[in-house]
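Based on the provided sequences and hints, a complete structural model is requested.
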Amino acid sequence: MLYALKIATRYLTASKAQTALLVTGVAVGVFIFIFMSALIGGLAEFILSRTVGDISHITIEAETDDPSVLISPEGHVLVVAERVRTRTATLSEAATWLPQIEGVPGVRAVSPQISGAGFVTRGAQVAQVSVTGVEPGRESAILDLAGYMVEGDVRLGSGLIVLGRDLADDLALSIGRTLRLESSNGVTAALTLSGIFKTGNGSMDSARAFVSLSTARTLYAMPQGVTRIEIKLGDLNAADATALRIRALTGLDAVPWTDGAEQLMEALNAQAQTGYFLKTFALITIVIGVASALLLSTYRRRPEIGIMRAMGAGRGFVIFVFVTQGALIGLMGGIMGAALGYLALLPFPSRDAFEPGTLPMDITQGSYGLAITLTVIGAILASILPARSAARVDPVTAIGQ
Amino acid sequence: MSALLEVTDLFKTYGTGEAATRVLRGLSLRLDTGEMAALLGPSGSGKSTLLTILGTLMKPTSGSYVMLGEDMISADDRALTEFRNAHIGFVFQFHNLLPDFTALENVIFPTAVREGRETPAARARGRDLLSRMGLADRIEFPSANLSGGQKQRVAVARALMNSPELVLADEPTGNLDRDSANQVMDLIGQINREEGTAFLISTHDEKIAGFCRRQIVVGDGVVTG
Chain E
21 MLYALKIATR
31 YLTASKAQTA
41 LLVTGVAVGV
51 FIFIFMSALI
61 GGLAEFILSR
71 TVGDISHITI
81 EAETDDPSVL
91 ISPEGHVLVV
101 AERVRTRTAT
111 LSEAATWLPQ
121 IEGVPGVRAV
131 SPQISGAGFV
141 TRGAQVAQVS
151 VTGVEPGRES
161 AILDLAGYMV
171 EGDVRLGSGL
181 IVLGRDLADD
191 LALSIGRTLR
201 LESSNGVTAA
211 LTLSGIFKTG
221 NGSMDSARAF
231 VSLSTARTLY
241 AMPQGVTRIE
251 IKLGDLNAAD
261 ATALRIRALT
271 GLDAVPWTDG
281 AEQLMEALNA
291 QAQTGYFLKT
301 FALITIVIGV
311 ASALLLSTYR
321 RRPEIGIMRA
331 MGAGRGFVIF
341 VFVTQGALIG
351 LMGGIMGAAL
361 GYLALLPFPS
371 RDAFEPGTLP
381 MDITQGSYGL
391 AITLTVIGAI
401 LASILPARSA
411 ARVDPVTAIG
421 Q
Chain U
10 MSALLEVTDL
20 FKTYGTGEAA
30 TRVLRGLSLR
40 LDTGEMAALL
50 GPSGSGKSTL
60 LTILGTLMKP
70 TSGSYVMLGE
80 DMISADDRAL
90 TEFRNAHIGF
100 VFQFHNLLPD
110 FTALENVIFP
120 TAVREGRETP
130 AARARGRDLL
140 SRMGLADRIE
150 FPSANLSGGQ
160 KQRVAVARAL
170 MNSPELVLAD
180 EPTGNLDRDS
190 ANQVMDLIGQ
200 INREEGTAFL
210 ISTHDEKIAG
220 FCRRQIVVGD
230 GVVTG
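Chains as they are written, first to last, in the numbering used here: chain E, 21 to 421; chain U, 10 to 234.
Please note that the accuracy of each hint is not assured.
Just so you have them, the derived chain U footprint on chain E, three or more residues with Cβ under 8 Å [unchecked claim]:
hint, segment
1, 28–35
2, 45–57
3, 406–419
Keep in mind that the hints were calculated from the coordinates and are not lab data. All residues carry an ideal CB built from backbone N, CA and C; glycine is no exception.
Given below as structure tokens:
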């Protein structure tokens, strides 16, 4: 088959212009394939980072106790105690689980939190807020609070509070000012505004407050334990598997971010499907291009094929010559297209630096190997029809042409 | 002399029904080992069809064909291809070289295609054959750059590459001037004498036929003389 490879190579090099055009055509198809892969992949990454990047990838919350049931000696239910809505379930042994959760592969950060509702008052002004108590040093473990700070310091000490830009403006607060925070448990604390953040998310900037975990314990009368544990992963796509692992390890109710995010997942899947269609069309274009060019080549070389057959070349040999041509065209076009795609994607910012207004192209999602492999396979498949046609050439008719 | 090939009662009809053309009509022929024969006859007499059948490139409508003791009628395409490669050489009127290959590459094609690669031994034999054809200085020339006479000598060298027992030549000098034609026929005669290769040469030219020891005349689909 080495000799068939030589013949195939010679045929390709004998018609340099035609081969160059054909390889360029294939390369353009591969370029589109890679460009679409990087765009669709980058877009999905961008959407996910914008929607899920700042939230917990896995959340553990205490399971609420079932309502108590009083049974009479006769077996009748006497009283059903309805769940108290203001009561907060707690993870009383959170401290025990934290080292184990932090040791789970893929876990990037763990943040034990106490959260609840409250009212911020300053003078006559009152605003409802969602309060989150986090451990000092873990302020940016889940939400990149440090990255969103526009004034003051993110560090949360005892007696300090960090508010969103909109809320601070509504209350006409500035750094260093004191405000009162009353929790849903009725505990009131006087806190000093130490930092202001702006995420761009209106509900967060106008209704979220961050305090230290110790301050939250006081506000919500929770001397030990936490209300939730938030977990950030290196790969947010691994949330389902990691949540299962944490559940198996700790017995806690670990919920991945994908629960309740069906619409987002559907949108991303639809986007991915669109990408598959476009990439499939690119591949079909390649296959049609290679097949038509090789069919023309077969027709042009019919007399030569006839001579080869007369000289003792079998049908298998002829098929191999043309299939090898297809494979070589696919390989050259694939590598050229992949290289062009990579070069074209280089100027785009990396996935960690996507900015609004720019195309979120992810150079790492170009599927270069897949593009080359599929192109070679496609080109081989495309060459089978011309190769079979060549093998069926009647030497007598062909030599007489 | 032993029989190299023998065909008996060969019929070949092209087309069917009213469009049917009967080219061979019960032709029988024996060719001995090392024989050098000319195949004469007017156009349409069936010479080319006979050569094509003897070259195993086409099967007759009916009749028998045995070469080197093997039945060529019942053999399948693969067996015929291998047989052709090993035992039969071809020289065509229009040389029919592979235009994108050098003279040497054309000559060693029959061996390379059998062995799957161009071996040093094949290259050495190819060079030797081209030298014997007077083309020592054209060995690495692209075949497209050779003159008509040179191309035909390359074609003769290619036909001899696998040391076949039989070379079938269809008007091998029909496209050459007189000097080139004589040169090619001298070479064919030399190979026949030195290597004992049998030649069956189809021609209209009485002078070319004169190079051969036997003349076979075909007319109306049968051997007439």
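Apply the coverage criterion to the segment 28–35 of chain E and chain U: a residue qualifies when its Cβ sits closer than 8 Å to a Cβ of the chain, and three qualifying residues are needed. Since three or more residues must qualify, the claim that chain U covers the segment 28–35 of chain E holds, with 3 doing so at under 8 Å.
Between the segment 406–419 of chain E and chain U, are there enough contacts, at least three residues with CB-CB distance under 8 Å, for the coverage claim to hold? That given contact holds, which follows from 3 residues of the segment 406–419 of chain E lying within Cβ reach (below 8 Å) of chain U.
Proximity test - 8 Å, beta-carbon atoms, the segment 45–57 of chain E to chain U, at least three hits: It is violated: at least three residues are needed, and the segment 45–57 of chain E offers just 0 whose Cβ sits closer than 8 Å to chain U.
Checked against the numbered hints listed earlier, the structure breaks hint 2 alone; every other hint is satisfied.
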